[in-house]
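Participant: Protein chains in written order, with the working numbering: chain A, 1 to 349; chain B, 350 to 781.
Please note that a few of the clues may not be correct.
[Said to hold, decoys possible] Cβ-to-Cβ under 10 Å is the rule here; a few derived chain B residues that face chain A:
1) 437
2) 476
3) 612
[Claimed, not checked] Result set (SDA-like, lysine to any residue): computed pairs, CA atoms no more than 25 Å apart in a straight line:
4) A:183 with B:508
5) B:594 with A:173
6) A:301 with B:703
7) B:622 with A:271
8) A:301 with B:534
9) B:690 with B:412
10) B:763 with A:101
11) B:491 with B:473
12) A:248 with A:268
13) B:781 with B:590
14) B:534 with A:73
15) B:534 with A:182
16) B:715 with B:695
17) B:768 with B:549
18) B:508 with B:531
19) B:402 with B:437
20) B:434 with A:69
21) A:301 with B:767
22) A:97 with B:575
23) B:622 with B:595
24) A:301 with B:631
25) B:622 with A:174
26) B:434 with A:263
27) A:211 with B:609
28) B:434 with A:183
29) B:781 with A:92
30) A:301 with B:690
31) B:781 with A:89
[Unchecked claim] Each pair of labels, with its calculated beta carbon distance range:
32) A:100 with B:415: 55 to 63 Å
33) B:488 with A:100: 27 to 35 Å
34) B:403 with A:198: 17 to 25 Å
35) B:640 with A:100: 45 to 53 Å
Note that these hints are calculated values from the structure, not bench results.
Don't be surprised by glycine CBs; every beta carbon is placed ideally from N, CA and C.
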Amino acid sequence: MIHAVAPEVTYAASPPASGGPGLSERRRSTPSGLPPAGAKRTRKPAQRRKNLEILFFVSPALLLIAVFMLVPIIQAVRFSMYNWKGFGPLVDFVGFKNYVRVLGNEVFTDALVHNLVIIGGSIALQLPIGLGIALLLNRKMKIQSLLRTIIFVPYVLSEVIAGVVWFQLLQPQYGVFDTILSKLGIQGPAQGWLGTPELALWTVLAVLTWKYLGLAVILFLAGLQGVPSELYEAAEIDGASWWQIQRKITIPLLGPTLRTWGFLSMIGSLQLFDMVWILTGGGPANATTTMASFLVSEGTKRQNFGIAAAASVILFIVALVLAISYQQFILKRDSQPDDERTKRKKAKA
Amino acid sequence: MLSKIRGAQILALAATTALLATGCAADAGQEGTSADGTTTITWWHNSNNGDGKAYYEQVAADFEAAHEGVEVEVSAMQHEDMLTKLDAAFQSGDAPDVYMERGGGELAAHVAAGLTKDLTEAASEEIAFLGENAGGWQLDGKTYALPFSLGGAGFWYNKALFKEAGIDSAPQTFDELIAATGKLKQAGIDPISIGAGDKWPAAHYWYYAAVRECSQQALADSVANLDFSDQCFTKAGEDVDQLIKSEPFNPGFLSTPAQSGPTSASGLLATGKVAMELAGHWEPGVMQGLTEDGTGMGEDAGWFPFPAIEGGQGDPAAQLGGGDAWAVSEGAPDAAVDFVKHMLSDEVQRGFAELDMGLPTNPAAKDAISDPALASLMDVRDKAPYFQLYFDTSFGASIGGAMNDEIALLFAGKSDAQKIVDASQDAADLEK
Chain A
1 MIHAVAPEVT YAASPPASGG PGLSERRRST PSGLPPAGAK RTRKPAQRRK
51 NLEILFFVSP ALLLIAVFML VPIIQAVRFS MYNWKGFGPL VDFVGFKNYV
101 RVLGNEVFTD ALVHNLVIIG GSIALQLPIG LGIALLLNRK MKIQSLLRTI
151 IFVPYVLSEV IAGVVWFQLL QPQYGVFDTI LSKLGIQGPA QGWLGTPELA
201 LWTVLAVLTW KYLGLAVILF LAGLQGVPSE LYEAAEIDGA SWWQIQRKIT
251 IPLLGPTLRT WGFLSMIGSL QLFDMVWILT GGGPANATTT MASFLVSEGT
301 KRQNFGIAAA ASVILFIVAL VLAISYQQFI LKRDSQPDDE RTKRKKAKA
Chain B
350 MLSKIRGAQI LALAATTALL ATGCAADAGQ EGTSADGTTT ITWWHNSNNG
400 DGKAYYEQVA ADFEAAHEGV EVEVSAMQHE DMLTKLDAAF QSGDAPDVYM
450 ERGGGELAAH VAAGLTKDLT EAASEEIAFL GENAGGWQLD GKTYALPFSL
500 GGAGFWYNKA LFKEAGIDSA PQTFDELIAA TGKLKQAGID PISIGAGDKW
550 PAAHYWYYAA VRECSQQALA DSVANLDFSD QCFTKAGEDV DQLIKSEPFN
600 PGFLSTPAQS GPTSASGLLA TGKVAMELAG HWEPGVMQGL TEDGTGMGED
650 AGWFPFPAIE GGQGDPAAQL GGGDAWAVSE GAPDAAVDFV KHMLSDEVQR
700 GFAELDMGLP TNPAAKDAIS DPALASLMDV RDKAPYFQLY FDTSFGASIG
750 GAMNDEIALL FAGKSDAQKI VDASQDAADL EK
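With the rest of the complex left out, here is chain A (with noise of 0.2 Å):
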């Protein structure tokens, strides 16, 4: 029962290992299904057939992948290595001097830190909260669905909505939070909680573990259904406390899920614009721009298109380098079963 639960469990994190096995068994099951007089001859057709099916479905989204993501792409590369305005003719070739612009620039620089930081404290925030309240909600209560989807209302709130909803909340002097401070005797910050510098980043962040908080339970909701009952049932028998079922059964079999969302955080993070865009624009004094921020007011608002295609591409490649060791080191152990099962085996010992 045990071992018949678990793949399922594991594979949910990583959809594409479900497809690999799936396709290739069903590959080698057809041809043997054939009747072997004249095979050869019916099966090439069927193939080809086949091949051609599979490219006439395929290729309207290999056309859309082309169009909308690698030729941007190459584009992005292409504009980089040019001074440009955002019009006219490409012709003031600078090679990599705008990557040398833009790594030697301070704001570009603090905007990586602050892209780390928010990844960070993401998770050291997220994980813990979340993990928290998506252990509470998993114990039958009367106004479950209720708290499920008060929880859940932030992430489904657009993000550009929330935004002017907190920037308006967090206004000095006259806004909410302000007014309920001082009416408790407390004094804001003089520049607000946006305008200070020092405390910019972390109001973002605030703001930003609200609203994601949400996505982080239901996904750690979704995992906790995977765990199976008997394994609290044995544990119980055995006499274990309900913080040692949490802590030797739940989070380890929780695992996958909670690596899975690790990895959708800290894309998110790195990516981050919207969110900061609204709240503060990337100031004051630049405490909370990010690379995304930082490579839309270069192009937009200064018109200098090739240093906001140099630090868009890196941009890319610090994600990308990030995604794949992320995938190399953290989240391939999901990929292996056989780890997970021994591993489980273990847990349920």
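Using the hints provided, position chain B relative to the given structure of chain A.
Facilitator: This is chain B only, laid out in the frame that chain A set:
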């Protein structure tokens, strides 16, 4: 499920094809003349609501009636949207026939890329009556766009709050300005609102200080040679720093937006939360939109020019400001040039002035302005010995952006007068 995905893909494919097809169609339409002999000119403007929008539709209809076979395709857009779309249109080489130009370095870049038509000969009459006012849209003796609205920046203030703080007359010098903010603070009033979150409102202080510190020649040389080595630019930074150190701005000014919402810099002034704000001629219109009764500050509204700075080389009556001009893109039909000339005609400019849509540049429309505050601004503008375009327009987006960013840092206490000059010069050197 599968068929749904397929459906979506086919739809997406169809959308792509349609997009490509319309892209091609738009290219074909560039010539402007269709098979049946009608000439279509496309016109983008930013008067996207109320009377202004209706007025421009009427102007286009009148022009069509007077010119047989000409059709004007009007697109009214929100200002920022228009700028973004214009950038995209220039990139794709599919710019509208008639569009808005803010002059200075922006225009110079468009001209260098061959996007903007030379109007010097075709519009010689208009250029003659525009006189000095067309200066911001001229390059090497050629005029590329005709300004239809031009105005300077200055301090908009609340007369009632000034009275409450015991300030009898508007500050004439920079020191008097700082003294006035002190009096306002003593009376428990936040003296100045500033949308430093948007950066350019903060930058306007530095620009104006530079206009007061630098001689007319020094400014002209700086724009022409992209050179900031004159000491007056450093002095401007020191003046602004002195003002910042006296802490006259609204709480949270570093993240305050310029014009959006009641807690923006304009909103704070309109609702009587602060006593003054440095802003352009658009301010009465903006404030009207930010108050419930639609009157802005109403009776309490007052205006005074940026004060003189002691020891400065600039003329204290000189104005910093900006304006909007109609430009014709290269390759547009001749009717587009006629249309722009029509836009500058006595009749159209008078209608424009009557609706308080801006400060008209045609002298014949001068007395048509109905708002007294705007009318007084007209006087100031026309009596100014010279008119300096906002630096971010004048030097172009790239240098202007670097300059504005560094000035915003000064307001946050993270830069100094020398660094502003250095950052501007660095950006300028890359343009040379």
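Participant: State for each hint whether it applies.
Facilitator: So, going through the hints one by one against the coordinates:
Given hint, residue 437 of chain B at the interface with chain A, holds; its Cβ is 9 Å from that chain's nearest Cβ, closer than 10 Å. Contact between residue 476 of chain B and chain A, as hinted, is not supported at the beta carbon level, the nearest pair being about 25 Å apart and thus beyond 10 Å. At about 5 Å, the closest approach between the beta carbon of residue 612 of chain B and any beta carbon in chain A falls short of 10 Å, and the interface hint on this residue holds. For a cut-off of 25 Å, the pair hint linking residue 183 of chain A to residue 508 of chain B is broken: about 32 Å separates their Cα positions.
Under the criterion of a C-alpha separation no larger than 25 Å, the hint pairing residue 594 of chain B with residue 173 of chain A is consistent with the structure, at around 21 Å. In summary, the hint linking residue 301 of chain A to residue 703 of chain B is not supported, as the alpha carbons are separated by about 34 Å, beyond the 25 Å threshold. Taken as a hint, the residue 622 of chain B and residue 271 of chain A pair is broken in the structure, with Cα atoms around 38 Å apart against an allowance of 25 Å. For the hint linking residue 301 of chain A to residue 534 of chain B, the alpha-carbon distance of about 35 Å lies beyond 25 Å, and the restraint is violated.
At roughly 11 Å between alpha-carbon atoms, residue 690 of chain B and residue 412 of chain B fall within 25 Å of each other, so this suggested pair holds. Proposed proximity of residue 763 of chain B and residue 101 of chain A is supported: the alpha carbons are some 21 Å apart, at most 25 Å. With a CA separation close to 10 Å, the supplied pair residue 491 of chain B and residue 473 of chain B stays within the 25 Å bound. Of the pairs offered as hints, the one joining residue 248 of chain A and residue 268 of chain A is violated, with about 30 Å between alpha carbons and a cut-off of 25 Å exceeded.
Proposed proximity of residue 781 of chain B and residue 590 of chain B is contradicted: the alpha carbons are some 29 Å apart, above 25 Å. Between the alpha carbons of residue 534 of chain B and residue 73 of chain A the distance comes to roughly 54 Å, so the proposed pair goes past 25 Å and is violated. Taking the CA atoms of residue 534 of chain B and residue 182 of chain A, the gap is about 20 Å. The hint holds against a cut of 25 Å. Restraint check for residue 715 of chain B and residue 695 of chain B: satisfied, since their Cα atoms lie roughly 10 Å apart, inside the 25 Å limit.
A C-alpha spacing of about 17 Å is found between residue 768 of chain B and residue 549 of chain B, which places the hinted pair at or below 25 Å, so the restraint holds. Note on residue 508 of chain B and residue 531 of chain B: the hinted pairing holds, with a Cα-Cα distance of about 16 Å set against a maximum of 25 Å. Between residue 402 of chain B and residue 437 of chain B the CA atoms are separated by roughly 23 Å; this keeps the pair inside 25 Å, and the hint holds. Straight-line distance between C-alpha atoms of residue 434 of chain B and residue 69 of chain A comes to about 22 Å, which keeps the hinted pair within the 25 Å bound.
At most 25 Å may separate the alpha-carbon atoms for a hinted pair to count; residue 301 of chain A and residue 767 of chain B meet this at roughly 24 Å. Restraint check for residue 97 of chain A and residue 575 of chain B: satisfied, since their Cα atoms lie roughly 21 Å apart, inside the 25 Å limit. Only pairs whose Cα atoms come within 25 Å are accepted, and residue 622 of chain B paired with residue 595 of chain B is accepted, the gap being roughly 19 Å. Restraint check for residue 301 of chain A and residue 631 of chain B: the C-alpha separation of about 21 Å stays at or below 25 Å, so the hint holds.
Between the alpha carbons of residue 622 of chain B and residue 174 of chain A the distance comes to roughly 10 Å, so the proposed pair stays at or under 25 Å and holds. Of the supplied pair hints, the one linking residue 434 of chain B and residue 263 of chain A is violated, its CA atoms being roughly 35 Å apart against a limit of 25 Å. A C-alpha spacing of about 24 Å is found between residue 211 of chain A and residue 609 of chain B, which places the hinted pair at or below 25 Å, so the restraint holds. Between residue 434 of chain B and residue 183 of chain A the CA atoms are separated by roughly 46 Å; this puts the pair beyond 25 Å, and the hint is violated.
At most 25 Å may separate the alpha-carbon atoms for a hinted pair to count; residue 781 of chain B and residue 92 of chain A meet this at roughly 12 Å. For the suggested pair residue 301 of chain A and residue 690 of chain B, the alpha carbons sit about 31 Å apart, so the restraint of at most 25 Å is broken. The straight-line distance between the Cα atoms of residue 781 of chain B and residue 89 of chain A is roughly 18 Å, inside the 25 Å bound, and the hint therefore holds. The supplied range of 55 to 63 Å is met by residue 100 of chain A and residue 415 of chain B, whose beta-carbon atoms lie about 57 Å from each other.
The hinted window of 27 to 35 Å between residue 488 of chain B and residue 100 of chain A holds, with their beta carbons roughly 32 Å apart. As the Cβ distance of residue 403 of chain B to residue 198 of chain A is approximately 49 Å, the hint placing it in 17 to 25 Å is violated. Taking 45 to 53 Å as the suggested C-beta distance range, the pair residue 640 of chain B and residue 100 of chain A conforms, at roughly 50 Å.
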